[in-house]
Amino acid sequence: MATLTLDNVRKSFGATDVIHGVDIDVQDGEFIVIVGPSGCGKSTLLRMVAGLEGITSGEIRIDEKRVNEAEPMERNIAMVFQNYALYPHMSVFDNMAYGLKIAKTPKDEIAARVAVAAKLLQLEPYLQRKPRELSGGQRQRVAMGRAIVRKPAVFLFDEPLSNLDAKLRVQMRLEIKQLQRELGVTSLYVTHDQVEAMTLADRMIVMNAGVADQIGKPLEVYENPQTEFVAGFIGSPATNFMPAGSIGVNVGKTVGIRPEHIKLTDSPTRLQARVAYCEALGAETLVHLRLPHGQLITVRQGGHLPLPSEGTDLWLGWDDAAMMVFGEDGKRI
Amino acid sequence: MEKRVIFKGWMLPALLLLPQIVITAIFFFYPAGQAIWQSMFVPDPFGLKTQFVGLGNFEYLLGDPYYRASFVTTAIFSGLVTVVSMGVALYLAILADRLIKGSGTYRTLLIWPYAVAPAVAGVLWMFMFNTRVGVVAWYLGLLGYDWNHVLNEAEAMGLVVVASSWGRISYNFLFFLAGLQAIPRSVIEAAAIDGAKFWTRFRTIVWPLLSPTTFFLLVVNVVYAFFETFGVIHTITAGGPQQATTILVYKVYSDGFVGQDLGSSAAQSVILLVLVGLLTVIQFKFIERRVHY
Chain A
1 MATLTLDNVR KSFGATDVIH GVDIDVQDGE FIVIVGPSGC GKSTLLRMVA
51 GLEGITSGEI RIDEKRVNEA EPMERNIAMV FQNYALYPHM SVFDNMAYGL
101 KIAKTPKDEI AARVAVAAKL LQLEPYLQRK PRELSGGQRQ RVAMGRAIVR
151 KPAVFLFDEP LSNLDAKLRV QMRLEIKQLQ RELGVTSLYV THDQVEAMTL
201 ADRMIVMNAG VADQIGKPLE VYENPQTEFV AGFIGSPATN FMPAGSIGVN
251 VGKTVGIRPE HIKLTDSPTR LQARVAYCEA LGAETLVHLR LPHGQLITVR
301 QGGHLPLPSE GTDLWLGWDD AAMMVFGEDG KRI
Chain B
1 MEKRVIFKGW MLPALLLLPQ IVITAIFFFY PAGQAIWQSM FVPDPFGLKT
51 QFVGLGNFEY LLGDPYYRAS FVTTAIFSGL VTVVSMGVAL YLAILADRLI
101 KGSGTYRTLL IWPYAVAPAV AGVLWMFMFN TRVGVVAWYL GLLGYDWNHV
151 LNEAEAMGLV VVASSWGRIS YNFLFFLAGL QAIPRSVIEA AAIDGAKFWT
201 RFRTIVWPLL SPTTFFLLVV NVVYAFFETF GVIHTITAGG PQQATTILVY
251 KVYSDGFVGQ DLGSSAAQSV ILLVLVGLLT VIQFKFIERR VHY
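Residue numbers (this note's numbering), protein chains in the order written: chain A, 1 to 333; chain B, 1 to 293.
Honestly, the hints are just simulated from the structure, not real lab data. Glycine included, every Cβ here is placed at the ideal spot set by N, Cα and C. Hints should not be assumed to be uniformly reliable.
As the list claims (entries may be wrong) - Label-pair restraints from in silico Cβ distances: (1) B:Pro184 <-> A:Pro125: 18 to 28 Å; (2) A:Glu71 <-> B:Phe27: 54 to 64 Å; (3) A:Lys177 <-> B:Leu95: 42 to 52 Å; (4) A:Asp17 <-> B:Trp112: 48 to 58 Å.
Claimed, not checked - Just so you have them, the derived chain B footprint on chain A, three or more residues with Cβ under 8 Å: (5) 73 to 79; (6) 319 to 329.
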């Protein structure tokens, strides 16, 4: 149980800055998800917390204790890696017991702790197997078990689900969430998948090119994005962006409107567009329309509505409240 | 995934195998057969005629104290060469593995000695340690150490071991480096987070994961020390002083071509053949079981 603080943390590789001053205050027991596209520096940030990368400037504190210079082992953290990073030559039991053995924990306590973790993760039948004899989901659980048995102050997850197939990913996502609730351990979770971010996070951090663009509760971030990047990155299908002038808005540069906030009508409203193609997903339908100057606009509507046929001209309408206006610098106005 | 090609007839596969079979037959089976045949004869002192003696050559060899001493010498020599060349190579590979800048240059420089032929390497080392003109011997002299591998048996053994290991380090280094780099970074990092310091990580993670490479190199290096070090020994010590560096292969040569006892020489070859066969079988049977995966 611990708090985690990042205070103006920066990282440069030679002359290249990859992290431009990140500030985060993580409360005890909070589940924080860092989400962003590839190369935004989110994994680097996590590895800096873990102690696997140096910190160029700023300070990282675990439980208000500066850990910048501390070795990974001294930080009392546990990390779950994307490729699980299990020790291939050790049994599941030994994989989980490794850290405890090094810490010279008494044998019976090791056995007891591993047994508890194995029960929690339904790994009991596999304790004597080698990692290569396990499925992807089971390996993932072993990696989690290895983190749990050490009773760390902070869990770090580095895209732990991205090597699993879609169905397993949904299942493991739920399990991770439940596990974290049950154990109440402060967690930092890195992912590029916004669905994982939305579903897992108590608060999420959207990162863009080494900067934390926005920090907040998932729904807050979704409903009220502070930058153009966040508005475009969070939400699927992505927000439609239009030049402010083209739709009669006098301030700012760009206006973003989420696909579900646009209504299609036959009678004239704001803009006219031609239906390019439709994607009927069952519960909902994505209608892609082309504006006269060529830009594609996506509209999300209920699956019960009749499918507009391709090539018909329709009107796009929305409430003023649905418009998110962004300035030259990409910031929300 | 292994891909297998299935041929319809037997002609094409036979044709494809032919070059390898011909080479093996001419350069391996034929000389081996010759050696076995010759090992049952004793030539007269002038090499004019030979006399069939059956297993007499073998009987004589096994009772010969010089031959038995050569066994011990070979064991010491190949043991040392293997340990030295693999130990140094592993150490250098660990350093190179941690290197980020300039690793290409470092690697290239380390690989160079492998391109030097054993006999040339032998001459190089012989000149460096030459008791009269050798640079190293001269500096050792300044330090008050009287280097003389021509007389001192231990120094002679040390020199041929170093000279034989030197070129071999490159080869072993390459394999160790590849082996180290095949270990996923994240596994090492996971161990670091689990609290393992460098040495513990090496002992519990790196070394076991490296064991297939180590095992392979062990076999290859022992065979190398047995057979391919002839050039080094011939140029540096010629088996001396007092036969202190006469390993089995060198004895095959000196008894056969210097001593003109072709029968005994052939018998020694046959013994070597059997020995290396056994060694390989033993290594694969017993050591492989301890290889982790």
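Now for the hints, and whether the structure bears them out:
no.: 1; hint: B:Pro184 <-> A:Pro125: 18 to 28 Å; result: 26 Å, holds
no.: 2; hint: A:Glu71 <-> B:Phe27: 54 to 64 Å; result: 57 Å, holds
no.: 3; hint: A:Lys177 <-> B:Leu95: 42 to 52 Å; result: 44 Å, holds
no.: 4; hint: A:Asp17 <-> B:Trp112: 48 to 58 Å; result: 39 Å, violated
no.: 5; hint: 73 to 79; result: holds (count 4)
no.: 6; hint: 319 to 329; result: violated (count 0)
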